[in-house]
Amino acid sequence: MTNCYWIICFLVLSCFLRGYDASAGDSDPLYRACVEQCVKTGCVGERCFSQCKASLDGSFLDGPLYMQEPLYLRWKQWDCQSDCDYHCMFDREKERAELGLEPLKYHGKWPFQRICSIQEPASMAFSVLNLAMHFHGWLSFFSLLYYKLPLKPDKRPFYDYAGLWYIYGLLAVIAWFCSAVFHSRDVDLTEKLDYTFAVALLGYSLILAIIRSFGLRDGPARVMVTAPLLAFTITHILFLNLYKMDYGWNMKVCVIMGIAQLLTWSIWAGVTRHPSRWKLWIVVAGGGLAMLLEIFDFPPYQGLLDAHALWHASTVPLTYIWWSFIKDDAEYRTSSLLRKGTSSFTKGSRRDVPVYLF
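In mature numbering (1 follows the signal peptide of the UniProt record, and there is no 0), the protein residues as written are -22 to -1, 1 to 336.
Just so you know, not all the hints are guaranteed correct.
[Said to hold, decoys possible] With a straight-line cut-off of 27 Å between C-alpha atoms, the simulated BS3-like cross-links for lysine-lysine are: (1) Lys133 - Lys18; (2) Lys222 - Lys170; (3) Lys170 - Lys83; (4) Lys133 - Lys318; (5) Lys170 - Lys72; (6) Lys222 - Lys83; (7) Lys170 - Lys257; (8) Lys18 - Lys83; (9) Lys318 - Lys83; (10) Lys72 - Lys83; (11) Lys72 - Lys87; (12) Lys83 - Lys133; (13) Lys87 - Lys222; (14) Lys18 - Lys126; (15) Lys87 - Lys257; (16) Lys318 - Lys126.
[To be verified] Restraint ranges, calculated between C-beta atoms of paired labels, are given here: (17) Gly248 - Ser118: 48 to 56 Å; (18) Trp227 - Ser313: 41 to 49 Å; (19) Pro131 - Thr213: 40 to 48 Å; (20) Glu14 - Gln91: 50 to 58 Å; (21) Arg25 - Asn219: 47 to 55 Å; (22) Glu14 - Asn219: 41 to 49 Å; (23) Gly248 - Ser313: 19 to 27 Å; (24) Trp227 - Leu282: 43 to 51 Å; (25) Tyr279 - Ala205: 44 to 52 Å.
Hints are computed from structural coordinates only; laboratory data are not their basis.
Every residue, glycine too, gets a C-beta built ideally from N, C-alpha and C.
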């Protein structure tokens, strides 16, 4: 019921905190002059880059396909512009450190040390851990429903919301995979994939929050909730990908959907008598504290570990608790439905099978 509390921390803020191109470091005239010179000459000081030489003579850019570098090499080696940005950024930061000045952001990001060509190694590693935790929770949820809990005669689970959580688990795994790829290499394609599935998961989580908290089990009621929200989410994703990557508008959309989820789950948590609601409050409190890491942002320690990476790290245990709550909910709902069905049967139903109330 509320991965939203921590997933909102990941999704809402990631919808707008990572996307701005303009930063204080970009306006530094020494940095800009270094980049311009590097693009022209292919060198920063005594370091020269083969990618820039290839770009200058056009042998890789304009030649036939068989002469161009393979995609995996282009992914690993970066290109001329990105190499110039990276080395000029660290040269400038070294100069600033010698003057006792604080680090600056460049193109919306703190200066990170690459490891094995990975742009943000810590954030990427923690994104992979979150992906693994979601995948484990997803599989254990499936195993619980089909191998540990009773099934209907048609071999379907009694739990009313099983299908909704299957879709949620799939979207969560894809969203964290895209996050890991985005942190490994920030290019236009990885950015769009990250934003697309982040918004998709956020929109779907809102739909799921409403359906579960209000106990909507009838098809028409679910359609009335799902149709408008799904249409809006899809339209917003198409707007970002096909028309304009408007970070300001995307921020507003994500914040509104996030606040709506928080209010929905908060009200439900306050009125429910669910036996595992304490896990819900842990996720709520943990998610709130995790948000402070993004609000009070700080430069990466040793060029590796920053507030955003720690934020991703904090969601790993919350993910485990969250899926534990989902499994508890499946057990609680199943036992409740079976008790109602048995009660209906023992009170004199003339049917040959129990009457299950859904």
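Hint-by-hint comparison with the structure:
no., hint, in the structure
1, Lys133 - Lys18, "67 Å, violated"
2, Lys222 - Lys170, "11 Å, holds"
3, Lys170 - Lys83, "21 Å, holds"
4, Lys133 - Lys318, "19 Å, holds"
5, Lys170 - Lys72, "32 Å, violated"
6, Lys222 - Lys83, "24 Å, holds"
7, Lys170 - Lys257, "33 Å, violated"
8, Lys18 - Lys83, "24 Å, holds"
9, Lys318 - Lys83, "59 Å, violated"
10, Lys72 - Lys83, "14 Å, holds"
11, Lys72 - Lys87, "17 Å, holds"
12, Lys83 - Lys133, "55 Å, violated"
13, Lys87 - Lys222, "21 Å, holds"
14, Lys18 - Lys126, "65 Å, violated"
15, Lys87 - Lys257, "34 Å, violated"
16, Lys318 - Lys126, "20 Å, holds"
17, Gly248 - Ser118: 48 to 56 Å, "28 Å, violated"
18, Trp227 - Ser313: 41 to 49 Å, "45 Å, holds"
19, Pro131 - Thr213: 40 to 48 Å, "41 Å, holds"
20, Glu14 - Gln91: 50 to 58 Å, "24 Å, violated"
21, Arg25 - Asn219: 47 to 55 Å, "36 Å, violated"
22, Glu14 - Asn219: 41 to 49 Å, "31 Å, violated"
23, Gly248 - Ser313: 19 to 27 Å, "23 Å, holds"
24, Trp227 - Leu282: 43 to 51 Å, "33 Å, violated"
25, Tyr279 - Ala205: 44 to 52 Å, "47 Å, holds"
Of the numbered hints stated above, those contradicted by the structure are hints 1, 5, 7, 9, 12, 14, 15, 17, 20, 21, 22, 24, listed in ascending order.
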